[in-house]
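The primary structure of each chain is shown beneath.
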Amino acid sequence: MTPLLSVRDLSITVSTPEGELPIVSDMTFDLAEGETLGIVGESGSGKSLLALALIGLLAPGARAFGSIRFRGEELVGLDDAAFCGLRGRKIAMIFQEPMTALNPTMRIGDQIGEMLRLKGSGRREAREAALSLLDRVRLAHARQRIDAYPHELSGGQRQRVLIAIALAGGPDLLIADEPTTALDVTLEAEILTLLSELVREERMALIMVSHDLGVIARATARTMVMYAGARLEEGPTAMVLGRPLNPYTEALLAASPASLPEGKRLERPRQRLAVIPGAVPAFSTLPPGCRFAGRCSRHQPDCDAGEPPWRDFPDGRGVRCIHTRANEAPA
Amino acid sequence: MVAAMVKRLASLAATLAAVSMVIFLVMNVLPGDPAAVALGTSAQEDTLAALRHEMGLDQPLPVRYVHWVGGAITGDFGTSATYGVPVRGLIADRLAVTLPLAGMAILLSMLLALPLGILAASRQNGAADWIATIFSQLGVATPNFWIGLLLILVFSTALGWMPSGGFSGWNDGMINGIKQLFLPAVALALPQAGVLTRVTRAAVLDVLSEDFVRTARAKGLNRRQALFRHVVPNALAPVVTILGLQFSFLVAGAVLVENVFTLPGLGRLAYQAFTQRDFLVVQNVVLFIAALVVVVNFLVDLLYLFLDPRLRSSR
Amino acid sequence: MPRHGKLLLGGAITALFLLTALIAPFWTPAAPTRIAIAERLKPPLVAGLLGTDQLGRDVLSQLMAGATNSLSIAIASVLLGAAVGTAIGLLAATRRGVVDELLMRAMDVVFAFPPIVSAMMLAAALGTGRMTAIAAIATFMVPVFSRLTRSAARRILTHDYVLAARAAGKGSRRIALEHVLPNIAGDIVVQATIQLGLAILTEAGLSFLGLGLAPPAPSWGRMLADSVTYIGAAPWLAIAPGVTIAFSVLGLNLLGDALSDLVDPRRRQGR
Ligand SMILES: Nc1ncnc2c1ncn2[C@@H]1O[C@H](COP(=O)(O)OP(=O)(O)OP(=O)(O)O)[C@@H](O)[C@H]1O
Ligand SMILES: [Mg+2]
Numbered sequence: 001m002t003p004l005l006s007v008r009d010l011s012i013t014v015s016t017p018e019g020e021l022p023i024v025s026d027m028t029f030d031l032a033e034g035e036t037l038g039i040v041g042e043s044g045s046g047k048s049l050l051a052l053a054l055i056g057l058l059a060p061g062a063r064a065f066g067s068i069r070f071r072g073e074e075l076v077g078l079d080d081a082a083f084c085g086l087r088g089r090k091i092a093m094i095f096q097e098p099m100t101a102l103n104p105t106m107r108i109g110d111q112i113g114e115m116l117r118l119k120g121s122g123r124r125e126a127r128e129a130a131l132s133l134l135d136r137v138r139l140a141h142a143r144q145r146i147d148a149y150p151h152e153l154s155g156g157q158r159q160r161v162l163i164a165i166a167l168a169g170g171p172d173l174l175i176a177d178e179p180t181t182a183l184d185v186t187l188e189a190e191i192l193t194l195l196s197e198l199v200r201e202e203r204m205a206l207i208m209v210s211h212d213l214g215v216i217a218r219a220t221a222r223t224m225v226m227y228a229g230a231r232l233e234e235g236p237t238a239m240v241l242g243r244p245l246n247p248y249t250e251a252l253l254a255a256s257p258a259s260l261p262e263g264k265r266l267e268r269p270r271q272r273l274a275v276i277p278g279a280v281p282a283f284s285t286l287p288p289g290c291r292f293a294g295r296c297s298r299h300q301p302d303c304d305a306g307e308p309p310w311r312d313f314p315d316g317r318g319v320r321c322i323h324t325r326a327n328e329a330p331a
Numbered sequence: 001m002v003a004a005m006v007k008r009l010a011s012l013a014a015t016l017a018a019v020s021m022v023i024f025l026v027m028n029v030l031p032g033d034p035a036a037v038a039l040g041t042s043a044q045e046d047t048l049a050a051l052r053h054e055m056g057l058d059q060p061l062p063v064r065y066v067h068w069v070g071g072a073i074t075g076d077f078g079t080s081a082t083y084g085v086p087v088r089g090l091i092a093d094r095l096a097v098t099l100p101l102a103g104m105a106i107l108l109s110m111l112l113a114l115p116l117g118i119l120a121a122s123r124q125n126g127a128a129d130w131i132a133t134i135f136s137q138l139g140v141a142t143p144n145f146w147i148g149l150l151l152i153l154v155f156s157t158a159l160g161w162m163p164s165g166g167f168s169g170w171n172d173g174m175i176n177g178i179k180q181l182f183l184p185a186v187a188l189a190l191p192q193a194g195v196l197t198r199v200t201r202a203a204v205l206d207v208l209s210e211d212f213v214r215t216a217r218a219k220g221l222n223r224r225q226a227l228f229r230h231v232v233p234n235a236l237a238p239v240v241t242i243l244g245l246q247f248s249f250l251v252a253g254a255v256l257v258e259n260v261f262t263l264p265g266l267g268r269l270a271y272q273a274f275t276q277r278d279f280l281v282v283q284n285v286v287l288f289i290a291a292l293v294v295v296v297n298f299l300v301d302l303l304y305l306f307l308d309p310r311l312r313s314s315r
Numbered sequence: 001m002p003r004h005g006k007l008l009l010g011g012a013i014t015a016l017f018l019l020t021a022l023i024a025p026f027w028t029p030a031a032p033t034r035i036a037i038a039e040r041l042k043p044p045l046v047a048g049l050l051g052t053d054q055l056g057r058d059v060l061s062q063l064m065a066g067a068t069n070s071l072s073i074a075i076a077s078v079l080l081g082a083a084v085g086t087a088i089g090l091l092a093a094t095r096r097g098v099v100d101e102l103l104m105r106a107m108d109v110v111f112a113f114p115p116i117v118s119a120m121m122l123a124a125a126l127g128t129g130r131m132t133a134i135a136a137i138a139t140f141m142v143p144v145f146s147r148l149t150r151s152a153a154r155r156i157l158t159h160d161y162v163l164a165a166r167a168a169g170k171g172s173r174r175i176a177l178e179h180v181l182p183n184i185a186g187d188i189v190v191q192a193t194i195q196l197g198l199a200i201l202t203e204a205g206l207s208f209l210g211l212g213l214a215p216p217a218p219s220w221g222r223m224l225a226d227s228v229t230y231i232g233a234a235p236w237l238a239i240a241p242g243v244t245i246a247f248s249v250l251g252l253n254l255l256g257d258a259l260s261d262l263v264d265p266r267r268r269q270g271r
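Residue numbers (UniProt numbering), protein chains in the order written: chain A, 1 to 331; chain B, 1 to 315; chain C, 1 to 271.
If we strip away everything but chain A, and leave its shape as in the complex, we get (with noise of 0.2 Å):
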């Protein structure tokens, strides 16, 4: 069976005035129906430029090269007309910022009804079906505030209304760019719950990205680590988090508070990832062999002679670190 996503060796440029800078590089792997990836890494690891590659959103200047196969349909290089027939439908997105990502000039159910109205629905249709929407992203008084402007709304709210602006089209693919950064603790969990349910309720594939590992392991059933560009880790989630093949994952979980795997506790302090030692390498001056090297407890000679293969394990997961030894992963 062909995977619903299917991502080979991609890699993402951006154009700075030195020239292209590779951003995300040799990118791979797989999702099926229905199944949830979270995707963690470090501020600015390139998180974002996956995610919006995978939409075909990425900004002028970025570029995407590889492949990225929807349902078996190249999506890199595919052109405008032929990626907004997927946009909405097949793929949706939610942004991390609720602030400003709705139009702040347009009552919130016609922008949650707008694509039905341009595909010939009527007024009264769109309406009941933005309805509809709020009501499944449990907005309370979603017959009074359909009719609200966004900045009449708190920032929760918001995020719900971008939630169903995401549900609007139907998507079997939702990507949420950090949709819980900007919200206290207590909306996080809130909103992550809802997520979950409807994922599972519309049988959605999810790629939850997140630098935080707690939200991470609430969400999701896969995870995939990132560090500068790359992955360094991926496999299900209890076992990346719980038995961590990659220094990098090690580092990210001490920084964290401890025994996160079970994911029940969001309670404590909201904190970025920033408090390994060091710090992430710029893009223009990568080292010449593992991207982590300089900042790893476990950094030793051979660190530095090249890029470390991914290798992939017969359990489903995979690493890139050459201090993983094959019979360090469970067989």
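Calculated from the structure, these hints are not laboratory results.
Where hints are given, some of them may not hold.
[To be verified] Partner residues are not named here, just some residues of chain B that face chain A (Cβ under 10 Å, in silico): (1) Arg88; (2) Asp206; (3) Ser209; (4) Arg214; (5) Thr215; (6) Arg217; (7) Lys219; (8) Asn222; (9) Arg223; (10) Arg229; (11) Pro233; (12) Asn234; (13) Leu236; (14) Ala237; (15) Pro309.
[Claimed, not checked] Negatives, chain A to chain B, calculated, CB over 10 Å: (16) Ser196; (17) Arg243; (18) Ser284; (19) Pro287; (20) Arg295; (21) Ser297; (22) Arg311.
For every residue, glycine included, the Cβ atom is placed at its ideal position computed from N, Cα and C.
Take the given structure of chain A and dock chains B and C with the ligands to it, following the hints.
Leaving out everything else, chains B and C with the ligands in the frame of chain A:
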């Protein structure tokens, strides 16, 4: 909302009152004797006194001010010395030229600038962008009265397609009137369009980088739909603001362009009255023009409320 | 347009303009006001580089002398308008409250008078001439500079170092002069460059209407006004001064844009 309206109206009235006071003070208190100016340096003292009395100049200043403003509010601007008719009628006649002229100029400039500015921003650094940039730089730098002269040179002197000036009134039919105002309107519109193109381009570029445009695209809207449904409506507010601010330049431009094309408009009336030393007419036309500028800016403020729902509820 | 392009082109045009204005009082190809009826209405290159006008005066020489007049009036009015406007803006920003409100309303009032209109009004009271032209143009610039200064100053006043200075007991006048003014000087210079172009346009308009310098002092606007009568017979009389005005203003605007990019690189969408 109502309270805000009342406050705005009160502020409008205060501004208008202050405007009228400034005009009155400049025209009446600064050194200079309108009667002497009107009669020339060789006038006899008793003729001067008689004229001063006739002009009401022998009364105390506050009385004269109240008399003038009171008249202006009820539409009585006094009688022109040189034309021998009520100033009110003069203004009304001239407005029938200046208002359509200004309206045509604004319309033309928007028809030119909005599409050009939007196109330039949506294809940044493309051909349209270059054309828009060159057009707006040249437009902003070129005096409108000189454009008027060039238009006369090309379209009436050389080609003979259009009248070189004058206006025969609206009685000969709409089309004829519009035709006679067309070249002057183009002369006024081109510099305006230069400014407007630039502002439209910048506003659209600003909005294009907003997050909600990406949300719209993620829904499945194509570039054009996102541009016209989400970007342009949000870019209109600054454009409208500039249009309001530019109104002042438009009026100033009308004074010049009406003189180039010898159109019997408000600007030419003011200028003629000035050269004929008919200061009552100058004073009243200046009041009228300044009030027009103030009121237009007030209306633009209201339009802003209409364009941006955030302002409606927060104030 | 590339940024250096704007800076170079704008700088070059402005330098040429400035140089001409400085040289003209000492040297022009012919005496700008010398009348030679026998030489009247000669086309370009037949007599002089740009021909002669209806009185046989050399057009190029008049344009050069006009540059001096135009630029001196423009500079004087921008300096005056910027000085008064900046002072008002600083006062409004540091005093806040009623003073702020009153000053800014007063600016609204002043802004209601287009310069051509206030020039007519002032000329009616004071007569025409250099001073009237300068006063009318400067008046219109005051609100522009006061609004700019006020909003820039208010932004600066919220910074920590200003709060620290205030806590250290510095008075608002010292804060305005020592902390605010140096920080907004760049914005003011940029605006002054752009307003210089506007002042030249306005001065041309005023002298076109006869509200500027009295004849025979050469001025671009009056050259255009005189050209109207001969527009069919001697179109160069209408073309040369207009191109000169547009070119000078274009140079100043390009320079202003380029400077604005330098002062605030974030605000680069304006081209
Ligand atoms: N259009 C662009 N042009 C130039 N550089 C870009 C562009 N988009 C992203 N970048 C750079 O690419 C890198 C990765 O950016 P990205 O937004 O994907 O990171 P992220 O992992 O999503 O981080 P965060 O957690 O902060 O959202 C950053 O260094 C960023 O500066
Ligand atoms: Mg991101």
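Does Lys219(B) pass the interface hint, meaning its C-beta sits closer than 10 Å to a C-beta of chain A? Interface hint status for Lys219(B): holds (5 Å vs cutoff 10 Å).
Is the interface hint satisfied for Leu236(B)? The criterion is a beta-carbon contact with chain A at less than 10 Å. holds (9 Å)
Does the closest beta carbon of chain A sit nearer than 10 Å to the beta carbon of Ala237(B)? holds (9 Å)
Quick check on the hint: Ser209(B) CB to chain A CB, less than 10 Å? holds (9 Å)
Hint status (Cβ of Pro309(B) to nearest Cβ of chain A, threshold 10 Å): Holds. Min distance 4 Å.
Please verify that hint: Arg88(B), Cβ, nearest Cβ of chain A, below 10 Å or not. Interface hint status for Arg88(B): violated (42 Å vs cutoff 10 Å).
How about Arg214(B): closest beta carbon in chain A under 10 Å, or not? holds (6 Å)
Does the claim that Ser297(A) lies outside the interface with chain B hold up, using a Cβ gap greater than 10 Å? At about 38 Å from chain B, Ser297(A) clears the 10 Å cut-off, so the statement holds.
Evaluation of the interface hint that places Asn234(B) against chain A, nearest CB under 10 Å: Check passed: Cβ of Asn234(B) comes within 6 Å of chain A, closer than 10 Å.
Against chain B, does Pro287(A) hold up as non-interface, every C-beta pair farther apart than 10 Å? At roughly 33 Å from the nearest Cβ of chain B, Pro287(A) sits farther out than 10 Å, so the non-interface label holds.
Check on Arg243(A) being off the interface with chain B, judged by Cβ distance over 10 Å: holds (36 Å)
Hint check: 10 Å Cβ-Cβ cutoff, Asp206(B) to chain A: violated (13 Å)
Violated hints, listed in ascending order, are 1, 2; each of the other numbered hints is respected by the structure.
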